[in-house]
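Undergrad: Combine both chains into one complex, guided by the hints.
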Amino acid sequence: MAELLFWPALLAYGEAAVAFVGEVRKPGAAGRYATWGIRIGWLVQTALLAVQAARADAFPWSTWAASLNLFVWLVVTVYLVWGCQPRYRLLGLAVAPPVAVLFALAHAGGGTDTSGAGSYSTVFLVLHVGLVLAAFAGFTLAAALSALYLWQERRLKRHAAEILRVRAPALARLDELSARTIAFALPALTLGIAVGVVRLRARGGGFDALMAVTLLTWSVYGAYLALRYGAGVRGRRGAYLVLAGFALVVVARLVLPGTHFS
Amino acid sequence: MKLVLVGVSHHQAAVELRERAALDRERAAELAGRLAGASGEAVCLSTCNRTELYLADEPGADAEARATAALLELESELGPALYRLRDEAAALHLFRVAAGLDSMVPGEGEILGQVRTAYEIGATGPMLDRLFRQALHAGRKARSQTGIGESPASVSSAAAALAEQVFGDLHGRRILVVGAGKIGDLAARNLLSRGAEIAWIANRSQDRADQLAHSLGARALPLDLVERELATADLVVSSTSAPGFVLERAQVERSLRGRRGRPLLLIDLAVPRDLDPSIHELDGCYLYDIDDLQAVVAETLAERRREAERAEAIVAREAERFHDWQASLEVVPAITSLRAHAEEIRRAELGRAKLSPAERRAAESVTAAVVNKLLHLPTIRMKQAAAAADGVLYADAVRHLFGLEEER
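Residue numbers (my numbering), protein chains in the order written: chain A, 1116 to 1377; chain B, 141 to 548.
Just chain B, same shape as in the assembly (with noise of 0.2 Å):
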């Protein structure tokens, strides 16, 4: 069996032709199975980033052939974008997808998930199961032994872990959301799935900001009602398009003294700014505009590649592991045929012997002791020639020794 690998990625298409070679969950699964035919496996898998088609086959079969043409039957103009792998590239590569390695923002999680729905709905048989059960094992270990997927990659999670660093826990929080454009809805989600609890929604079109409000389960306020309800907000997000401060530094003073020394968490992800930059002076005050979370991404991000360099050595580790089981197929079945000549001699030999039920048993169970001993180093030595590349001449010359190929 010999592994192949056709697709395309972002590194080399653009978005423009890699959405036209992306195919839906239905679509992935039928050409999988059409692409594996009656005695092959292939597994498609298809994210916003990439379009990958893994093919295992006999190596007469021309799978790269037909992984090429079924990908340019996508889209024609795929050609100078397609790259192709074989065997321990394909799957050094497909383990450094899994980990995230391949990924635009290094680590990121949702590719794990994506590899295992593509290994889910793929045509599969021994070498893409195991190759795919192998990627999912290599990416969670990437993630749970490095920090390449722990620290936020966007600015709405990073706002997200900033007030993390504020308050700890945010169940309970209570957000104050100005603006109900999609960067705020963004930001708020985020904050949500923490466990803060969106509480007001503040926008200069009451229309929109019902909507909003509507679905986070929060109160739509008009925007002169904002200062009321800071004394009891903890974390305050806007990102509207006004041209001025839609949030004055008296403003907040003037909150403070009703919220007895608890801190106050401002995110301004508007441009031009939402939020007088002086609040940041106030005491319990942290302000964060939409440059200093922007310099906390790029922090991030550094060290997410960083340990990027640790997650290699983990993903190399493992494409090292699937060569050599990869490899040992190639002797597995000089080996099965060397142990079933071995004990049809026994049991024929044995057959011959006139022995008591009782010198038979003892008899049974010192001749198979005697040819496992005798073929466990030459079993052990074949499937270590085969990692090193030369099974196929020691399978060879074991089936000459032993006259095997003449019983096939």
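Same shape as in the complex, but just chain A (with noise of 0.2 Å):
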């Protein structure tokens, strides 16, 4: 079942990335079919979850490889909600790609298969990876969306001729947009963390790497979120910030998870 539903998702991720990059090439068509490609991914990666929900008697998401599965559909989710308007379809260029990866990822660690297995039970530690996760998906897409600006940007700044006929967002929505995803996700963060925090209390344990980047993590965007409203730093500045956040949540997301599950 869990075979059956994972390769039409990849299939379909695979082909909005593929038809992102058309996109930019030559705008029009393939941006349409790049939407309907993630659309549809995103249906059969909800069936998917749907099933290992069902078929677990615990948190069917609490190894590395599901806890990655969930991630990538999270970050669907988020892109879904706004980044799918013909306005902001480069975007797509930005999250597409790197969600078939992971999302092949996921399955080669089997987190796409349907057995069942799950450590995780409590509500606590259900809302904290989940929290955690969410607000890690907001992120990606934060850092999605300053990547574009960066590069948006960077076309103004060398006066590049075609910068109307490859249109991308406008720099100040990219810029704003970024700042609010963050702003919905660093709360998200701090409920996960502290979930977490009264888990440890009352269970007992390690400080463990993992721990201390997620809190390096949540810094680096509650500085951003201050030096953006408190002292104006916005613009070129402020998307390299995201981006350094964003360098925290890939190490925290592929390369220390192992020294937190286990």
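It should be emphasised that the hints constitute simulated quantities derived from the structure, not laboratory data. Hints are supplied without guarantee of correctness; some may be wrong.
Footprint (simulated), chain A over chain B, 3 or more residues, beta carbon under 8 Å [to be verified]:
1. 290-299
2. 437-446
Simulated restraints, written as ranges between beta carbons of each label pair [to be verified]:
3. A:Leu1331 / B:Asp423: 22 to 28 Å
4. B:Ala453 / A:Gly1137: 51 to 57 Å
5. A:Val1136 / B:Ala453: 21 to 27 Å
6. B:Asp423 / A:Gly1225: 44 to 50 Å
All C-beta atoms, glycine included, are put in the ideal place defined by N, C-alpha and C.
TA: And the structure:
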């Protein structure tokens, strides 16, 4: 069953990734195919997650690979809220390829099977994992927006002649949306960390590298919001800070999870 | 009915000639009415780039000579610049005109409205009515299915499109216009039409500044106060005739402290330049001069030309449809006569039969079905033959075989 759902979802995400490249080369129909690819991929992946949840006797996304599967779904969900509007279509170029790669990675790690194994069963832990992953999904999208911002800014700075032919979302709008996404994601991360701390105190356990990186991530994004709304730091410098925070998200998601899950 | 087009356009005639052949709405309507006469049809399309007369009349009516004479009456030197097209070629030409494919700037938007106006004030009948409605359809289709009319084609519209690339929606964005000349005015109005607010007009001459500020709903400003307003402006458009820089890097740098990271777009339309080019190096400042804008326009025009190839295919399909319709006109009288003849025989034979009302109703239905089925295939074949240019032969054969000529 899992195989039946995984491959169509991966195919749809892969098609979207290729079509977004086509959209940059020649705007038009490719963008529509890409958006439909993302939508279909998301629907099929939702079905996959539903099957996993139905067959599991505990929280089904407790392993590193399974949580990556859930993370991919959250990233696409946040993207679909507004990212697939025609004016933000190019954002898909920063979202679809990593989504396809991470989804394949989750599958390779066994995160898309429906064996039903799960080690988390308390509401506390489900909340902890869910909130942290949702926050990371938000930061991923904010990073995509910031990357697009830097690309568009660079085109404006070097007076690119094709700037009106290959249209990206407006600079000011990208900057604002990136900040707004972080303003939603940071409280989710704060709550997720708080839930984790409560459980850590109740059950005991040591402070590991993943926790340290997560706290560092929290401080980078906290600093970003404070600098933006307090000192008016926007634009290119703000975008670099968002990308620095995202580098920590990558470390937390892809490098260190083994130390925490084990 | 034959379709004839006689006209003059920017391809063959200089503006000095074209302006003498240009007609306003009333004169164009009057000329169309006069050329149509009692039985014909005529439409006069007159814009700054072309004056064209479309006539539909019987083959022997010499419509082409009348149209030529009408144009030469407007300007006797037009003769060598006139072009004459007939039927399919004339239709294709109008479809290309409506799609903006024959314009100076490919895909320009005004021509479609001008074709609609010409159609509305023209003396149209079945032929020109169909031709112009289909031309308007082809024009809309070419624009909606290709990007021919999407990208900006002038420096001022490119400046406005660039502003949208920086700010997105321009509603509420505050514009500072430096210089109250024609170029600045044009750029300001373009931005105004997209929702931006022209907040200040700064000019060396206060009178000119007041005048333009009044017409745009802005505030007039002396040039030395420009720096003060930079902190709150989103966009600066400069087009003075000053010999040196009107705005230096240091002035903009000082204003950045009050901007709290908001981007500032500066458009320099002046030659020599008004704005210090090193302003572009400042964080959050984007300066475009006239050369940068012209490079952007050149790129968008190249894109329009690429899209024009796709639009040509759309227009050609529409012209083909018109040709099929026009060709079918040749066989329509024969088809109508044939059907009338069959119906007459059916009714006559039915009238002779002695039947009860119920039997008559049944017989009516059956005989009508038989006639329709018998004539269906010949009707289709005649229309197909008409599209393949054999329509007249088939129509003559049908008239001869069924004795339709004798009945006329």
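Undergrad: Work down the list of hints and note, for each, if the structure agrees.
TA: Right, here's what the structure says about each hint:
Counting residues of the region 290-299 of chain B whose beta-carbon sits less than 8 Å from any beta-carbon of chain A gives 3, enough to reach three: the coverage restraint holds. Only when three residues or more bring their CB closer than 8 Å to a CB of chain A does the claim for the region 437-446 of chain B stand; here the count is 4, and the claim holds. Distance hint check for A:Leu1331 and B:Asp423: the Cβ-Cβ separation is about 27 Å, which falls inside the suggested range of 22 to 28 Å. For B:Ala453 and A:Gly1137, the hinted distance range of 51 to 57 Å is not satisfied, since their beta carbons lie about 21 Å from each other.
As the Cβ distance of A:Val1136 to B:Ala453 is approximately 26 Å, the hint placing it in 21 to 27 Å holds. Remark: the range hint 44 to 50 Å for B:Asp423 to A:Gly1225 is upheld by a beta-carbon distance near 47 Å.
Hint 4 from the list above is the single one not met by this structure.
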